[in-house]
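If you're matching positions, the sequence shown starts at 1 in UniProt numbering and goes up one per residue.
Worth flagging that the hints you see were computed from the coordinates, not collected in a lab. The C-beta atom is built at its ideal place from N, Cα and C for all residues, glycine as well. There may be inaccurate statements among the hints.
[As the list claims (entries may be wrong)] Computed cross-link-like contacts, EDC-like style, restricted to lysine to aspartate or glutamate with a CA-CA straight-line distance of at most 20 Å:
no.	residue 1	residue 2
1	Lys255	Glu294
2	Lys41	Glu68
3	Lys255	Glu281
4	Lys101	Glu75
5	Lys41	Glu282
6	Lys103	Glu68
7	Lys222	Glu282
8	Lys233	Glu221
[Stated by the list, open to error] Cβ pair distances, simulated, as ranges:
no.	residue 1	residue 2	range
9	Arg177	Ser253	14 to 24 Å
10	Ser258	Glu282	13 to 23 Å
11	Pro305	Ala122	34 to 44 Å
12	Thr71	Ile309	31 to 41 Å
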Amino acid sequence: ASFRTPALVGRQLLGFHKINRISLRDSLAHTTGMIYRNLGKSGLRVSCVGLGTWVTFGGQITDEVAEEMTTLAYESGINLFDTSEVYNCGRAEAVLGGIIKKKGWRRSSLVITTKIFWGGNAEMERGLSRKHIIEGLRASLDRLQLEYVDVVFANRPDPYTPIEAETVRAMTYVINRGMALYWGTSRWNSMEIMEAYSVARQFNQIPPICEQAEYHMFQREKVEVQLPQLYHKIGNTGIGAMTWSPLACGLISGKYRSGIPPSTRASLKGYEWIKEKIMSEEGHREQLKLQELETLAQRLQCTLPQLAI
1 ASFRTPALVG RQLLGFHKIN RISLRDSLAH TTGMIYRNLG KSGLRVSCVG LGTWVTFGGQ
61 ITDEVAEEMT TLAYESGINL FDTSEVYNCG RAEAVLGGII KKKGWRRSSL VITTKIFWGG
121 NAEMERGLSR KHIIEGLRAS LDRLQLEYVD VVFANRPDPY TPIEAETVRA MTYVINRGMA
181 LYWGTSRWNS MEIMEAYSVA RQFNQIPPIC EQAEYHMFQR EKVEVQLPQL YHKIGNTGIG
241 AMTWSPLACG LISGKYRSGI PPSTRASLKG YEWIKEKIMS EEGHREQLKL QELETLAQRL
301 QCTLPQLAI
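Modelling step: build the complete structure from the supplied sequences, incorporating the hints.
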């Protein structure tokens, strides 16, 4: 890829020192070894690895384990924490928000992102209408116990809602109201992203800063081919990328080599599609490729997940 993306997986700022002259930007990396990057062309600096909450928070793991994971991530220099209104029916947001409140971390040290599309079963509790974007984000903020999120993502395109007349304007509204600082897209194709960006510029609205896309060893075309092309079309004020599922729903971790172990997400009710994908012919081919990649990881003296990320 011609640009780098933060990946989602599952402190105290150092002051300026008159002798060493450590810059504020470098101080975090100096403390933890973490690498930070600008998200797209915005000024938002995020850790190159983030902690996602899909399946796990409020579901697969206990709240105590979730707190341990979040604390370890934060103390390791991770400042990017991603969730969604749909993750375990909002429970993931509630768990993450509870942890943040309990730990007492400064809000300015965190980058919190959430996603809006599926909020409930009622007709107007889903989609990207102005109504659901505003109401859905308010509900997310209540669960997170936060005044704002750093980035709100449109969690897939909505073919029934006009992008310019509603979606872009609604995202601009929630930003102007202080409910979010930036907005982005997730699972949108290049044409849809380009349309959102173009109409925002044309009508003096706020454009998206990044696309959150699936990206791992077996899913590469969008991030490595399509998004760079879009990036070059838009130019210096363009779109960045954040990636999800860098371990291919756990496949690259190697835990599915001998089948589907109990307590893994592929064994959970409601996630049968992961099991079907792993057990498919394509899944078997990917398992064979992992054996070759395992050899490469050993030569590099790292684990397969480390190589993948």
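Structure-based check of all given hints:
| no. | hint | verdict |
| --- | --- | --- |
| 1 | Lys255 with Glu294 | holds (13 Å) |
| 2 | Lys41 with Glu68 | violated (33 Å) |
| 3 | Lys255 with Glu281 | holds (18 Å) |
| 4 | Lys101 with Glu75 | holds (16 Å) |
| 5 | Lys41 with Glu282 | violated (36 Å) |
| 6 | Lys103 with Glu68 | holds (11 Å) |
| 7 | Lys222 with Glu282 | holds (19 Å) |
| 8 | Lys233 with Glu221 | holds (17 Å) |
| 9 | Arg177 with Ser253: 14 to 24 Å | violated (41 Å) |
| 10 | Ser258 with Glu282: 13 to 23 Å | holds (18 Å) |
| 11 | Pro305 with Ala122: 34 to 44 Å | holds (39 Å) |
| 12 | Thr71 with Ile309: 31 to 41 Å | violated (20 Å) |
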